[in-house]
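Asks: The chain contents come next:
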Amino acid sequence: MRRSAFRTEPLYLVFAALGGLVLLFIIAPLMSMFVNCSLPELAETLRDNEVRSSIWLTLWTSMAATVIFAIAAIPFSYLLARKDFPLKGLVTGIIDLPIVIPHSAAGIALFGVLSRSTLLGRAAEKMGFGFVGTSFGIMAAMAFVSIPYLVNAARDGFLAVDERLEKAALNLGAGPLRVFLTISVPLAWRPILSGLILMWARGMSEFGAVLIIAYRPMITPVLIYERFGAFGLKYARPVAVLFVSVCLVFFIMLRLLAKGEKVAER
Amino acid sequence: MRPSQYFVLLGASGVGKSVLLETVAGLIQPDSGRIFLGGKDITEEKIQNRKIALVFQNSTLFPHITVYDNVAYPLRCKNLKGERIRQRVIELAEEFGFTGLLKRSPQTLSGGESQRVSLARAVASEPRCLLLDEPISSLDAKVRPEMHALLRKISANGQTIVHVTHDYTEAVSLATHIAVMEGGSIAQMGTVEEVFQRPKSEFVARFVGIRNFFRGRLEESREREADTRRFTTGGLDFSVLTDSSGGNGFVCIRSEDVTISNAASRTSARNNFQGTIVDIEPVGVGVEVIVDIGTEVAALITVESVEALELHCGKKVWVSFKASAVKYIEQ
Numbered sequence: 098m099r100r101s102a103f104r105t106e107p108l109y110l111v112f113a114a115l116g117g118l119v120l121l122f123i124i125a126p127l128m129s130m131f132v133n134c135s136l137p138e139l140a141e142t143l144r145d146n147e148v149r150s151s152i153w154l155t156l157w158t159s160m161a162a163t164v165i166f167a168i169a170a171i172p173f174s175y176l177l178a179r180k181d182f183p184l185k186g187l188v189t190g191i192i193d194l195p196i197v198i199p200h201s202a203a204g205i206a207l208f209g210v211l212s213r214s215t216l217l218g219r220a221a222e223k224m225g226f227g228f229v230g231t232s233f234g235i236m237a238a239m240a241f242v243s244i245p246y247l248v249n250a251a252r253d254g255f256l257a258v259d260e261r262l263e264k265a266a267l268n269l270g271a272g273p274l275r276v277f278l279t280i281s282v283p284l285a286w287r288p289i290l291s292g293l294i295l296m297w298a299r300g301m302s303e304f305g306a307v308l309i310i311a312y313r314p315m316i317t318p319v320l321i322y323e324r325f326g327a328f329g330l331k332y333a334r335p336v337a338v339l340f341v342s343v344c345l346v347f348f349i350m351l352r353l354l355a356k357g358e359k360v361a362e363r
Numbered sequence: 628m629r630p631s632q633y634f635v636l637l638g639a640s641g642v643g644k645s646v647l648l649e650t651v652a653g654l655i656q657p658d659s660g661r662i663f664l665g666g667k668d669i670t671e672e673k674i675q676n677r678k679i680a681l682v683f684q685n686s687t688l689f690p691h692i693t694v695y696d697n698v699a700y701p702l703r704c705k706n707l708k709g710e711r712i713r714q715r716v717i718e719l720a721e722e723f724g725f726t727g728l729l730k731r732s733p734q735t736l737s738g739g740e741s742q743r744v745s746l747a748r749a750v751a752s753e754p755r756c757l758l759l760d761e762p763i764s765s766l767d768a769k770v771r772p773e774m775h776a777l778l779r780k781i782s783a784n785g786q787t788i789v790h791v792t793h794d795y796t797e798a799v800s801l802a803t804h805i806a807v808m809e810g811g812s813i814a815q816m817g818t819v820e821e822v823f824q825r826p827k828s829e830f831v832a833r834f835v836g837i838r839n840f841f842r843g844r845l846e847e848s849r850e851r852e853a854d855t856r857r858f859t860t861g862g863l864d865f866s867v868l869t870d871s872s873g874g875n876g877f878v879c880i881r882s883e884d885v886t887i888s889n890a891a892s893r894t895s896a897r898n899n900f901q902g903t904i905v906d907i908e909p910v911g912v913g914v915e916v917i918v919d920i921g922t923e924v925a926a927l928i929t930v931e932s933v934e935a936l937e938l939h940c941g942k943k944v945w946v947s948f949k950a951s952a953v954k955y956i957e958q
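Residue numbers (the numbering used here), protein chains in the order written: chain E, 98 to 363; chain P, 628 to 958.
Think of the hints as simulated: they come from the structure by calculation, not from any bench. Think of the CB as a built atom: it goes at the ideal place given N, C-alpha and C, for glycine as much as any other residue. Any given hint might turn out to be false.
Unchecked claim - A few chain E residues that face chain P, going by a derived Cβ cut-off under 7 Å, partial list only:
no., residue
1, 261
2, 262
3, 283
4, 284
Stated by the list, open to error - Some, not all, of what chain P presents toward chain E, calculated at C-beta under 10 Å:
no., residue
5, 649
6, 692
7, 751
Please build the complete structure, drawing on both the sequences and the hints.
Replies: This is how it looks when you write it as structure tokens:
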């Protein structure tokens, strides 16, 4: 009954047509990019050392940024989900801030605190590393723009965990840290994992903030921009195709992994 | 209350029974008042250090780990050795009858199975006091007797238990001591007999609902089907219609089911006793007549009947009630 009603209702046909347009808008440019890139071009780009090292750099810096910041972000998300404290609304707002500010502006802001002339920059230099023009700077820029995705996903995940289970665990003699590690995190694991994937993917695709802090070493989005500026579309396109493909493979793999966990839990 | 008691808090829903338990367990901080355990003030004590285990009406088994790991959870919190944990879990599974379920996920268990595992997990934490929040209420009537038996077994091991329920038969069946709650406070507290036989207030009397309440012994029977059996209490024999296999317990008879007559008459009532009226007291819906037949029996009759039968204190009358009006509660 519901199916046939759905099919015959003209309004929904209009909605479906509109949806098709949106999908087309996303898929068409990507398709044309792939179609316009010949295989020999792609093979040549694959052999290009500069391209290969930039893809590798992008992958590992975004992953490292995600893992390092997750250590602080996941417990913080738990706090946001479970406890009330003064100015909580403000704190939640601050977390979302990186999403709304332009990423080039984010880069400028980060540069202001991480450059060699600042306290933080000098302290890092003394310890033997710097931020400007290094992989640490890339990670900082990536984390800055992508951390809201992890915090929000993890917080929603913790909110969905029945608080009675945590109380039951405390009641059985478990300390709060044990409850957090053995009850809360495992039960919120899937939203956390999908937050991690989102943060990682967002970090990997970051351009503006990274460009300002570390033009070199060159991550792939910057490399694409540079090749486009210096040599034009024809040279930038194969790099873009390659990078998008690599991202898609990883993205789909991790999504499947997250889904597999869901099935295993049943 | 004292150690090793089985204490039942009896009250209608919404009088704050669950809140009381959660406050004792530390899940809720009280606005006022103090909580003492073994003479020590534990009001500010952290939940995990109270050693008070709470079993809820709905399962709080951890859904992401197996039944085995659930029962092992409190043991791991005590940092016991792996082998010791394994022994104890298997021991508890045997005692609580779920050895075959250890590898299962809690989500695949029936209501009765979940509650047995929950109880085992609570007992594994070796609480100084075990709190039960209507642990049986959401279960099928079929599995209740075995849950009662299990709870009696836990109690027999010396475990102090506080059990909250709205079901008086459950209270009678399990409790050594009972407290009746009214409007957020305790209306009466005492042994099962004290509360049921001598309710202190109208509220308690109405809530426990039965004025005639006797401890005694039901004759043993191998019959599976319901039958009229003899119940002996304080030198009197009652005929009871029951399918219970016999043993120690209580019988109760609602005062509405007891009739009074001036002469012995042939009726369908299997229980007929002669006695003397010791009290006639008007209650809200009629008159309560107390007759001494060797023990005191209350009959609730109308004002008209009192006049028609010319009842007065000291008069000899006959008291009758049907075997089917006598309810046997195993203990």
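Asks: Would you mind marking each hint as holding or not holding in the structure?
Replies: Evaluation of the provided hints:
1. About 5 Å separates the beta-carbon of residue 261(E) from the nearest beta-carbon of chain P, less than 7 Å, and the hint is met.
2. Because the beta carbon of residue 262(E) sits about 6 Å from the nearest beta carbon in chain P, less than 7 Å, this interface hint is met.
3. Of the supplied interface hints, the one on residue 283(E) holds, with its beta-carbon coming within about 5 Å of a beta-carbon of chain P, less than 7 Å.
4. Satisfaction of the interface hint for residue 284(E) is found here, the shortest Cβ-Cβ separation to chain P being roughly 6 Å, below the 7 Å cut-off.
5. About 8 Å separates the beta-carbon of residue 649(P) from the nearest beta-carbon of chain E, less than 10 Å, and the hint is met.
6. Hint on residue 692(P) holds. Least Cβ distance to chain E is approximately 8 Å, under the 10 Å limit.
7. Taken as an interface hint, residue 751(P) checks out: its beta carbon lies about 8 Å from the nearest beta carbon of chain E, inside 10 Å.
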